[in-house]
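Participant: Residue-level listing of the chains:
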Amino acid sequence: MSTSTTSRPADGLRDEDTTVSAAAPGAAARKLGGVAGWVDDRTGSAKGVGYLMKKVFPDHWSFMLGEIAMYSMIICLLTGAFLTFWFVPSAGHTIYEGSYVPLRGVSMSEAYASTLNISFEVRGGLLIRQIHHWAALMFVVALTVHMFRVFFTGAFRKPREINWVIGSVLALLAIVEGFAGYSLPDDLLSGTGIRAMQGFVQTAPVIGSYLSWGIFGGAFPGEMIIPRLYSAHVLLIPALLIGLFSAHIILVAMQKHTQFPGPGRTNDNVVGFPVMPVYAAKAGGFFFIVFGVIVLISGLVGINSVWVYGPYDPSPVTAGSQPDWYMGFADGALRLLPGWLEFSFLGVTLSLNIALGALVLLPLVYTVLGVYPFVEAWLTKDKREHHLLQRPRNAPTRTALGMAAITIYSIFMFAAGNDIIAIKFGMSINDITVMFRWGLFLLPPLVFWVTKRICLSLQRRDRDTVLHGRETGTILRSPAGGFSERHEEISAQDRWTMVEHEPVATLELGESVDSNGVAAPDSKTLARRQKLSRFYYGDAVNPVTPAELDQAHHDHHGEAETDAIEGGRH
Amino acid sequence: MNALAARRRHPAAIAILIMLGLILTGALYAAVAPRPADAGTASADTVEMGRGLFLANCASCHGTNAEGLKLGDGDRVAGPTLVGVGKAAVDFQMGTGRMPMTVPGVQAPRMDEIKFTEKEISAIGDYIASLAPGPNVPSEEAVDPTKGDAARGGSLFRVNCAMCHNSAGAGGALTRGKYAPSLSGVIPRHIYEAMETGPQNMPVFSDRNLSATDKRDIIAFLKTVENQPSPGGMTLGSLGPVAEGLFAWVFALGLLVACAIWLGKKAA
Ligand code: HEM
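As you go down the protein sequences, you meet chains Y and B in turn. Here the first sequence stands for residues 1 to 570, where the numbers follow the working numbering. Here the second sequence stands for residues 1001 to 1268, where the numbers follow the working numbering.
Think of the hints as simulated: they come from the structure by calculation, not from any bench. Treat the hints with caution; some may be incorrect.
Here are some of the chain B residues that sit facing chain Y, going by a computed Cβ distance under 8 Å [said to hold, decoys possible]:
#1 Ala1173
#2 Ser1184
#3 Gly1185
#4 Ala1260
With a straight-line Cα cutoff of 25 Å, these simulated SDA-like cross-link-like pairs (lysine to any residue) come out [claimed, not checked]:
#5 Y:Lys383 - Y:Val206
#6 Y:Lys424 - B:Leu1263
#7 Y:Lys424 - B:Phe1247
#8 Y:Lys381 - Y:Arg495
#9 B:Lys1178 - Y:Gly538
#10 Y:Lys424 - B:Thr1102
#11 B:Lys1265 - Y:Val434
#12 Y:Lys256 - B:Leu1263
#13 Y:Lys424 - B:Pro1203
#14 Y:Lys256 - B:Trp1262
#15 Y:Lys424 - B:Lys1265
#16 B:Lys1178 - Y:Gly262
#17 B:Lys1265 - Y:Gly262
#18 B:Lys1265 - Y:Val252
#19 Y:Lys424 - B:Met1101
#20 B:Lys1178 - Y:Ala247
Owing to the predicted nature of the structure, the values given are computational and were not obtained by experimental measurement. Beta carbons: idealized from backbone N, C-alpha and C, even for Gly.
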């Protein structure tokens, strides 16, 4: 049972479809004379709700990745509120007298003592802490793969660029939120994280030490940083997250969800299930599945066992000091940057070996992410609206760029675990670092090239299948004695997904020199743009055109094609 | 006998005599001098038995008199000198299966299978101790975890050991393939001896750095942590955020995506 929401010309093709006449919930509610009617009389909310309820969502598992992120965030908010009831955001000094024997009598901050208290004394406290932390990890994991989905299917194209930018900011805020939370319990690991952060801040040229002084309200560590991080973690960033996230969702509802191409799915309709009741039931059910899986994991697998690390104290560090995975790429960059990038002149030290990884990389990653849609639109000169998704193979250059970017990010991320890799695989940490350094320069181009080749080959195979049908494996022997393989024509449905995408071509920007031999004013930019366009579309494989298909059919007299084994392919 | 008599006036004879005299006084001093703990039990017999075992199993690398053996390749040695390392070092190295070293590598690894009996190890230890005094095997009481203060030991451990061994004693990487091993399952005596003798890249924690009480507290901490059930569930090897991130990406995400696909298939 599918409906389309908008009445557009394409609907004419679907006249025979049974349309569900979903009565406006407002009206239905009033018929029930229930609470909804009462609310509507006072707020007039029925119209908006009815609009939302009739929204149609296409169905594909990859569209649920964003939901996993959303639910994980909601779980963080719920469990976080629970944690605030007991957590004491203070660096105040105390002696632990709780039930964890190996720490009894040890002096520590109140923040750490209260985290131990939540873990060991508060009923269900440890479970809630672990849910909070696992959900935080899953939040960032899910939003990352959600982003991959949006990127590789081209869902960020006009008119959804703004939502892509919002998403990028959300991703950045999520990791900052996570870092702030990770730093709160004031255990050895989180303290080491704050210490590292202070180091990063200090590498800012000229203003570094003032900045650090300001953030910490004095010398490191001081008493200010935990309360400040706490305000950021439970108030400031969550507020921003919720605001931006709402905008994100409202935009999705307004712009309607994209869909994968398929018969009956056009750029002008949305085929799927209406929110009420099907989609809501599915999505609601999915919330409980996500919640259930995260609770299950939190019940079975420990995370951030703060009692193991001990209280923070600036002198010790522990082997295996790493941030949570989403901050790993910055840590990894620091481990890869060579030490000779530290310069000293006129009594001023410029620690590029740290600043590049810490102060430059992080904003850079999220800026590149945010501007990508605009760059692509500019160099492909594509200003049209897109509501149909692309199969990744049909945008080979983008897919290859994305894979190369993921490669760079992953190398940085894995480099943060170089010591763990060394002990687990019995390797030398020095060799691993050298390997990663080379990999950083060699692998991305390689991955780009391989991915692009794979995409182009897949496109060519699609063309081949459309033109010549599917190889059946059935060998025929002709009366003359020749052998050939029978090809079977594919169904119209299958063919559609292989030919629906738009043909592309490099920009033809015309003469850069006019008839009088005068260079066009912006000829340099034009030339550059054309070059980029050629990079993007230069070796494009375009879909089979109807004419080509006719021709192919004509050649084979409309019969199922056979492929001669002797004498080669046609 | 004639040959010996003929060489009586050989110029080297005097040197050999002096050396013999020195060794004898040394050995005599070692035998008579007051020694800590159970050193007195080392009889000449066990020393002799230890020497035999040493010659058969260790001399190929450490030299016939435990004086160490050069490889003739710069500073590299087949085995360092063992004069003065003490019985504790032998007990640790052999008791954890590190010695006799089987394959040359960056670091002699801990072995599960110990090819020598306690008695043989003790005999070799006595032989090494007879060469020159060194740290002895600690007494039962000195390493009894129940007599130590685990919380105090935890603080000491974090300051002195965690940077190499990780705060949970899970182990960590050092440079060029060397590593500080996991400390779980190491018996108290060997923990004590490791601190006392500082094997390979581990520093020596003499009694001036960490007193006998400190060492026992550290042992108490390690044993408490090891024996108590993990309150949070599986520990993922106590490797911290890297293991947790890997688990989130592979296992948790896999499970959630599987659920999403399953739900997507359940078309209404
Ligand atoms: C939405 C995204 C959020 C993320 C990604 C996140 C992440 C984290 C992380 C990684 C920790 C360290 C926890 C640990 O292992 O102990 C943490 C701690 C904490 N979070 Fe959050 N959090 C979020 C939202 C919230 C909210 C909304 C609140 C409060 C209203 C909150 C309250 C707390 C408290 C009180 C702690 C410290 C308690 C403890 O460590 O046991 N969090 N958070």
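Participant: Take the hints in turn and mark each one as holding or not.
Facilitator: Going through the hints against the structure:
no., hint, in the structure
1, Ala1173, "holds (4 Å)"
2, Ser1184, "violated (13 Å)"
3, Gly1185, "violated (16 Å)"
4, Ala1260, "holds (4 Å)"
5, Y:Lys383 - Y:Val206, "violated (44 Å)"
6, Y:Lys424 - B:Leu1263, "violated (37 Å)"
7, Y:Lys424 - B:Phe1247, "holds (15 Å)"
8, Y:Lys381 - Y:Arg495, "violated (28 Å)"
9, B:Lys1178 - Y:Gly538, "violated (50 Å)"
10, Y:Lys424 - B:Thr1102, "holds (22 Å)"
11, B:Lys1265 - Y:Val434, "violated (46 Å)"
12, Y:Lys256 - B:Leu1263, "holds (21 Å)"
13, Y:Lys424 - B:Pro1203, "holds (23 Å)"
14, Y:Lys256 - B:Trp1262, "holds (24 Å)"
15, Y:Lys424 - B:Lys1265, "violated (39 Å)"
16, B:Lys1178 - Y:Gly262, "violated (57 Å)"
17, B:Lys1265 - Y:Gly262, "holds (17 Å)"
18, B:Lys1265 - Y:Val252, "holds (23 Å)"
19, Y:Lys424 - B:Met1101, "holds (22 Å)"
20, B:Lys1178 - Y:Ala247, "violated (52 Å)"
Consistency with the previously given hints fails for numbers 2, 3, 5, 6, 8, 9, 11, 15, 16 and 20, ordered from lowest to highest.
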